[in-house]
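According to my numbering, the sequence shown is numbered sequentially starting from 1.
Keep in mind the hints are simulated off the structure, nothing from the lab. These figures come from a predicted structure and were not determined experimentally. A portion of the hints provided could be inaccurate.
Here are the in silico distance ranges between beta carbons for each label pair [stated by the list, open to error]:
id	residue 1	residue 2	range
1	L148	P92	31 to 37 Å
2	D3	H168	21 to 27 Å
3	T80	D167	28 to 34 Å
4	T80	R216	28 to 34 Å
5	G113	T80	24 to 30 Å
6	D180	H8	43 to 49 Å
7	H168	H8	42 to 48 Å
8	R63	T142	36 to 42 Å
9	G90	P140	41 to 47 Å
10	P160	P140	19 to 25 Å
11	A212	G54	14 to 20 Å
12	A76	P160	38 to 44 Å
13	A15	R68	15 to 21 Å
14	G152	H8	20 to 26 Å
For every residue, glycine included, the Cβ atom is placed at its ideal position computed from N, Cα and C.
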Amino acid sequence: MADALYTHINKQAEASGLIVMGALHPARVPVKQLESGTLILLGAGKGFWPAFCGAPEYDDAQRDPVDRWSRRVIGALAQTFDARAHFPFGGPPYAPFIDWAQKSGRAFTSPTGMLVHDIVGLMISYRGALHLEAEIAIPPATGQSPCLTCAGQPCTTACPVGALAADHGYDLAACHDFLDSAAGTDCMERGCAVRRACPLSAGAGRSDAQSALHMRSFHRR
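Whole structure, please, built from the sequences with the hints as guidance.
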């Protein structure tokens with residue numbers, strides 16, 4: 001059972017447009033770069049897009065609006081809870097979010113090679129993390145990938161050009177070439193077809209407008 005502080009952090013995160021996507025104790029579950037305390041992973045859920053659209057970063061015409069929003073909002077949460085904020089951007093070096101996510105017992109490697117989360121599926125977007133010096137009680141994680149019970153695993157066949165498939169690694173060139181074509185408009189405007197195919201992705205509550213923003217950012221890199 002989680003304690004009152006965890007519950008408070010969870011509520012404040014949701015009020016800010018974020019969700020807790022996992023938590024762990026580095027002293028009990030060894031992870032990269034951390035050895036003690038409590039790590040709480042924060043990401044985009046159903047409340048993110050409305051919160052972001054009402055923020056100054058949304059239309060200030062500056063680069064990386066989502067990253068800047070994340071740094072401001074999660075930085076404020078870190079101050080509130082006397083924690084240290086970590087972010088999956090701004091490197092190199094980069095914080096080891098993939099290691100942290102998998103060690104939380106709530107994110108797993110999907111058959112496509114991408115991370116899948118137990119609530120938001122393949123629409124997974126870690127925006128930052130809070131590291132508290134104290135070890136507080138956190139909810140237990142299932143520790144079992146949802147892919148193990150997913151009928152048909154539609155993510156493995158959803159890519160129109162087979163850039164993400166079970167029998168090979170990610171073909172970045174094929175993906176980008178497709179997105180550059182007229183046929184790639186659907187993915188550019190509604191989000192990656194593979195991510196949308198995951199039954200759990202609906203849990204992210206992601207709108208087409210949000211997916212389009214993420215796709216434009218991805219396509220520029």
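Cross-check of the supplied hints:
no.	hint	verdict
1	L148 x P92: 31 to 37 Å	34 Å, holds
2	D3 x H168: 21 to 27 Å	45 Å, violated
3	T80 x D167: 28 to 34 Å	47 Å, violated
4	T80 x R216: 28 to 34 Å	32 Å, holds
5	G113 x T80: 24 to 30 Å	36 Å, violated
6	D180 x H8: 43 to 49 Å	46 Å, holds
7	H168 x H8: 42 to 48 Å	45 Å, holds
8	R63 x T142: 36 to 42 Å	38 Å, holds
9	G90 x P140: 41 to 47 Å	31 Å, violated
10	P160 x P140: 19 to 25 Å	39 Å, violated
11	A212 x G54: 14 to 20 Å	18 Å, holds
12	A76 x P160: 38 to 44 Å	41 Å, holds
13	A15 x R68: 15 to 21 Å	20 Å, holds
14	G152 x H8: 20 to 26 Å	40 Å, violated
Consistency note: the structure conflicts with the earlier hints numbered 2, 3, 5, 9, 10, 14.
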